[in-house]
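Chemist: Same order as they appear, the protein sequences are chains A and B.
If you count the first sequence from 1, position 162 lands on 162 in our numbering, and the numbers rise without skipping.
If you count the second sequence from 1, position 55 lands on 55 in our numbering, and the numbers rise without skipping.
Treat the hints loosely; a few may be bogus.
Facing chain B, a subset of chain A residues (Cβ under 10 Å, in silico) [what the hints assert, rightly or not]: (1) G29; (2) G151; (3) I216; (4) E217; (5) V258; (6) S278; (7) D281; (8) Q286; (9) Y296.
From the structure, some residues in chain A lie toward chain B, with a derived Cβ separation under 8 Å [claimed, not checked]: (10) S144; (11) P146; (12) F149; (13) V255; (14) V262; (15) L273; (16) V277; (17) R280; (18) I305; (19) L309.
Here are the simulated DSS-like pairs of lysine-lysine, each with C-alpha atoms no more than 25 Å apart in a straight line [said to hold, decoys possible]: (20) B:K184 <-> B:K150; (21) A:K222 <-> A:K232; (22) A:K127 <-> A:K232; (23) B:K5 <-> B:K15; (24) A:K127 <-> A:K222; (25) B:K53 <-> B:K42; (26) A:K133 <-> B:K8; (27) A:K180 <-> A:K161; (28) B:K15 <-> A:K133; (29) A:K133 <-> B:K6; (30) B:K15 <-> A:K127.
Just so you know, the hints here were simulated from the structure itself, not pulled from any lab data.
C-beta: ideal position from N, C-alpha, C; glycine also.
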Amino acid sequence: MNSIFGIVVKRLAAGLVTILVVSALIFVGIEALPGDPATAILGQQATEENLAALRKELKLDLPPHIRYFSWLNGFIHGDLGRSLSNQRPVSEMIGWRFSNTLFLALSAACIAVPLALSLGLLAALYKDTMLDKSLSIASLSAISFPEFFVGYILIAIFSVKLHMFPSVASINDGMSFLQKLNVIVLPCITLMLVVLAHMMRMTRASVIGILTSPYIEMARLKGVEMRAIITKHALPNALAPIVNVVIMDLAWLIVGVVVVEVVFVYPGLGQLLVDSVSKRDLPVVQASGLIFACTYILLNLTADILSILANPKLRIPK
Amino acid sequence: MVGVKKIKNAPWSAKIGILMVSITLLTALFAPVIAPFDEAEKVGDIWLAPGGKTILGTDQLGRDLFTRMVYGARNTIAIALLITFLAFLVGVVTGLMAATVGGWLDMIFSRIVDVFMAFPALILTLMILSILGTSIPVLIIVIALLDATKVFRLARALAMDITVMEFVEVARLRGEGLRWIIIKEILPNALPALIAEFGLRFCFIFLFISALSFLGLGIQPPAADWGSMVRENAGAISFGIFVPLYPAAAIAFLTVGINLVVDWFLHISAQIRAQ
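Please work from the sequences and hints to get the whole structure.
Modeler: As structure tokens, this is what we get:
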């Protein structure tokens, strides 16, 4: 067990270092920007005293490495600075939107993961049949469709023609859980389709890879029942790669959410990021970018650690 | 010719893919001949229904939608192709160098690439665009460098397998220079996998630019571009006018086509390797 523990700790440390490097890059990138945030906030007509006072308030008079650590410290304690465009605290703008984004992404994941795994398994077990081939063509086209194409098709059918679901997913805290679900049906399906196809194809590939391996053939020749082969021999070995793919795809979902939120005008973090980029509201871009990046890195880290833990070969000490 | 025979024996899905890609490429190439109007010419009221002198109706400013679609093909594909070429130039050169030279050079390149890969590309691009502002040169350089990291990984992995082969060893002992070994020994052997990757990469880059344009941060108006056209006409859909679906479908048409061809190509190279 010692060796597994060691590998996991090493991987965790590497993840932490990545997050630090990424946060430093984000900070330096925005620091390197020509121009002075104080002038940007107060405008060109500001007096020299006002500028100096604001610089002091924003801690711009301190050297960069101290500002980086105070920014990072603030980030950990939930203080993300103030928006340049409306002076509101960034944490206030981000908190609610981030929970909306997580709500949407988690709902999509709850449907996509079981569906993708069962379709992938079916396609692998019935390899080269009509079912497998049609799933293959369907998923290949789904991968090639841009998210907004899927989104607008769904809006055209279910919102404009059939009046079943709203085309604009405006969500607020006054809504009941069911009302919220009703509003996010279309963005959720869009997001789900984006990852479903990839997850399914990867599941199919890894199950086929394992079903053709020698020890499965051995079990078959021994006369083991098909069900026992799948549950006892194939699944434990297929688990690691599949868990890996599922979590990697969830990380991808966090990115896909940006476009989907814009299509459905959903008040999430992605929408905020896009708006702030076009307004060049740097504190907001900095904070939401770092949150997206951290979520992505943490998911990848989880994928790595789970696949280390799920790998049967590593359980036997050398 | 071998090529023609191969296409004749290709599965129907690949043939459809080739047809789809050629239609789009020819449209892009002959845009000024095909388009009935000028790129920015107003031909009537906004969001006119198809029919009359327009084929697909008009857009949110009353420009001919079909004309915009045709020019959109030209603009978007040209930029995506340029980015893909740049990404391959940088990625393949650095990847092959890293694998053949090895040592500290490999270390430096690989660590830089690791950092970039830890970041979701869309988020990173958005952050860079917020600093540098959106313009075509910035877009081209940023996306090309980001995708070069992925090409680097593939080229390095391919070259790693090839450098340990006997014929490379022989060339080394014969005293050939590094350039000669990379160009004459390694590159030709890595080429088939790189070509398939080129198709896929182009697909990703094309979708990526379309997504950026759709978010309003890619190719800027008045240039016609499929992603921006979806964005500009998005409002029409709540009136039951499906204008934004046409450019979105055009994007899907090209990417599905490329994927069908690449899928077939990967099958062939897998068969060759199996022999």
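Chemist: Each hint should be assessed against the structure and marked as holding or not.
Modeler: Comparing the hints with the structure gives:
no.	hint	result
1	G29	holds (6 Å)
2	G151	holds (9 Å)
3	I216	violated (20 Å)
4	E217	violated (19 Å)
5	V258	holds (6 Å)
6	S278	holds (6 Å)
7	D281	holds (8 Å)
8	Q286	holds (8 Å)
9	Y296	holds (5 Å)
10	S144	holds (4 Å)
11	P146	holds (5 Å)
12	F149	holds (4 Å)
13	V255	holds (4 Å)
14	V262	holds (6 Å)
15	L273	holds (6 Å)
16	V277	holds (4 Å)
17	R280	holds (6 Å)
18	I305	violated (15 Å)
19	L309	violated (21 Å)
20	B:K184 <-> B:K150	holds (23 Å)
21	A:K222 <-> A:K232	holds (14 Å)
22	A:K127 <-> A:K232	holds (21 Å)
23	B:K5 <-> B:K15	holds (12 Å)
24	A:K127 <-> A:K222	holds (23 Å)
25	B:K53 <-> B:K42	holds (12 Å)
26	A:K133 <-> B:K8	holds (21 Å)
27	A:K180 <-> A:K161	holds (22 Å)
28	B:K15 <-> A:K133	holds (17 Å)
29	A:K133 <-> B:K6	holds (22 Å)
30	B:K15 <-> A:K127	holds (23 Å)
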